[in-house]
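Visitor: Each chain, written out:
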Amino acid sequence: MSELNAYALLVLVGFLPSEMWRVLGFVAARRIADESEFFIWARSVAIAVLAGVIAKIILFPPGTLASVPLSIRLCATAVGFLTFLVARRSLLAGVAAGEAVLILGALAYGI
Amino acid sequence: MSPATPTNLWHRSGAASFLAGFRAAWLSALAYVVIGTYIGIAALTHDFGFGLWWAMASTVLVWAAPAQVILVSALATGGAPLATALAVGVSSARLLPMVMSLLPLIKRPKTSYATLILPAHFTAVSVWIEALRLLPAISRQERIPFVNGLGIGFMCAAQAGTLIGYYLAGSLPPLLSAGLLFLTPVSFLISTTRNCRLTSDWLALAIGIVLGPLMAAWQVGLDLLWTGVVGGSLAYGIHRLREALK
Chain A
3 MSELNAYALL
13 VLVGFLPSEM
23 WRVLGFVAAR
33 RIADESEFFI
43 WARSVAIAVL
53 AGVIAKIILF
63 PPGTLASVPL
73 SIRLCATAVG
83 FLTFLVARRS
93 LLAGVAAGEA
103 VLILGALAYG
113 I
Chain B
5 MSPATPTNLW
15 HRSGAASFLA
25 GFRAAWLSAL
35 AYVVIGTYIG
45 IAALTHDFGF
55 GLWWAMASTV
65 LVWAAPAQVI
75 LVSALATGGA
85 PLATALAVGV
95 SSARLLPMVM
105 SLLPLIKRPK
115 TSYATLILPA
125 HFTAVSVWIE
135 ALRLLPAISR
145 QERIPFVNGL
155 GIGFMCAAQA
165 GTLIGYYLAG
175 SLPPLLSAGL
185 LFLTPVSFLI
195 STTRNCRLTS
205 DWLALAIGIV
215 LGPLMAAWQV
225 GLDLLWTGVV
235 GGSLAYGIHR
245 LREALK
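Keeping their order, the protein sequence lines are chains A and B.
Convert by adding 2 to the 1-based position in the first sequence; the result is the number in the numbering used here.
Convert by adding 4 to the 1-based position in the second sequence; the result is the number in the numbering used here.
If you're looking for bench data, these hints aren't it; they were derived computationally from the structure.
We put the CB at the ideal spot given by N, CA and C, even for glycine.
Careful: at least some of the hints might be erroneous.
[What the hints assert, rightly or not] Have a look at the derived ranges for each label pair, beta carbon to beta carbon:
id	chain 1	residue 1	chain 2	residue 2	range
1	B	Trp206	A	Val88	17 to 23 Å
2	B	Leu202	A	Leu18	19 to 25 Å
3	B	Arg27	A	Leu76	31 to 37 Å
Model the full structure from these sequences, guided by the hints.
Guide: Here it is, written out as structure tokens:
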């Protein structure tokens with residue numbers, strides 16, 4: 003792949019297919035007022051997609067995360083989430099606790 | 005002397021609001037999640053033979069981590085351009101409802117649409133989550149520069165991660181790379197939960213978590229798109245029904 007070719011592909015098959023959705027959202031948002039019913043619906047759709055992405059990564063993980071057993075991944079997610087709730091809703095504490103369980107679990111499993 | 009109402013007390017210039025947004029990005033734990041995520045992406049990009057400048061340009065232009073992973077993996081393994089574009093497009097479809105639910109929060113009746121182009125481009129999961137959390141405390145006239153500051157702040161974090169990833173490429177132990185990959189789901193789950201206010205928000209989160217993997221397991225085409233439309237509409241419908249019965 004030539005240098006120029008790599009940049010052309012970046013724009014054509016990377017930038018355009020992603021940016022297209024932002025442009026569509028931009029056009030649609032012109033007619034939406036915040037606190038409107040359509041706005042609340044769009045917000046629900048965005049949260050549901052994100053929730054689906056999160057669950058898919060945990061259940062069908064990419065790359066080396068797949069070598070960590072499902073039970074450890076679920077346990078790490080639960081501990082991270084519970085720590086967040088207990089530790090005055092701190093994102094940092096939740097992520098740190100979840101990561102600690104994942105890494106210790108993976109070590110114990112022998113990865 | 006004008007009375008010190010909350011609005012004029014908190015009114016800042018565009019530059020100050022931009023800096024406040026930039027600062028908010030670096031004060032957010034998500035900035036460090038973004039750095040970790042991009043260390044992983046950069047190591048992958050390096051291993052597939054792409055240059056550092058290409059990797060950094062991809063972050064500025066595409067600005068969506070999953071799409072960037074799909075792009076480098078497909079191009080490096082000789083995927084057909086059309087199929088690659090389709091896979092990138094499907095993975096980025098979540099940006100549509102995100103832009104639709106962010107721009108109405110920052111525009112004002114007389115906002116020129118040109119000033120909304122940058123915030124639309126900066127919209128990605130990290131920026132969207134932190135904007136939704138922080139905007140209610142920011143006055144209307146400051147919101148556009150604030151979101152631009154957030155966007156540049158998170159993009160700088162991503163570029164820092166890219167540099168580290170290029171430096172570390174090849175020497176990243178599997179345990180560490182598994183930990184970096186786990187950052188995305190655990191931090192997104194917690195920060196989305198933190199943002200839930202309406203009944204429909206909570207329902208959308210719960211339904212999406214169940215529906216996403218089910219749609220994927222049933223091998224429904226465009227599974228995440230359907231998860232969003234079906235799960236989001238269901239959550240919104242139940243929310244409306246409950247409001248109506250009150």
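Visitor: Hint by hint, note whether the structure agrees.
Guide: So, going through the hints one by one against the coordinates:
1. The hinted window of 17 to 23 Å between B:Trp206 and A:Val88 holds, with their beta carbons roughly 19 Å apart.
2. One distance hint, 19 to 25 Å for the beta-carbon pair B:Leu202 and A:Leu18, is violated here, with the actual separation near 34 Å.
3. For B:Arg27 paired with A:Leu76, a C-beta distance near 36 Å keeps the hint of 31 to 37 Å intact.
Hint compliance for this structure: hint 2 alone is broken.
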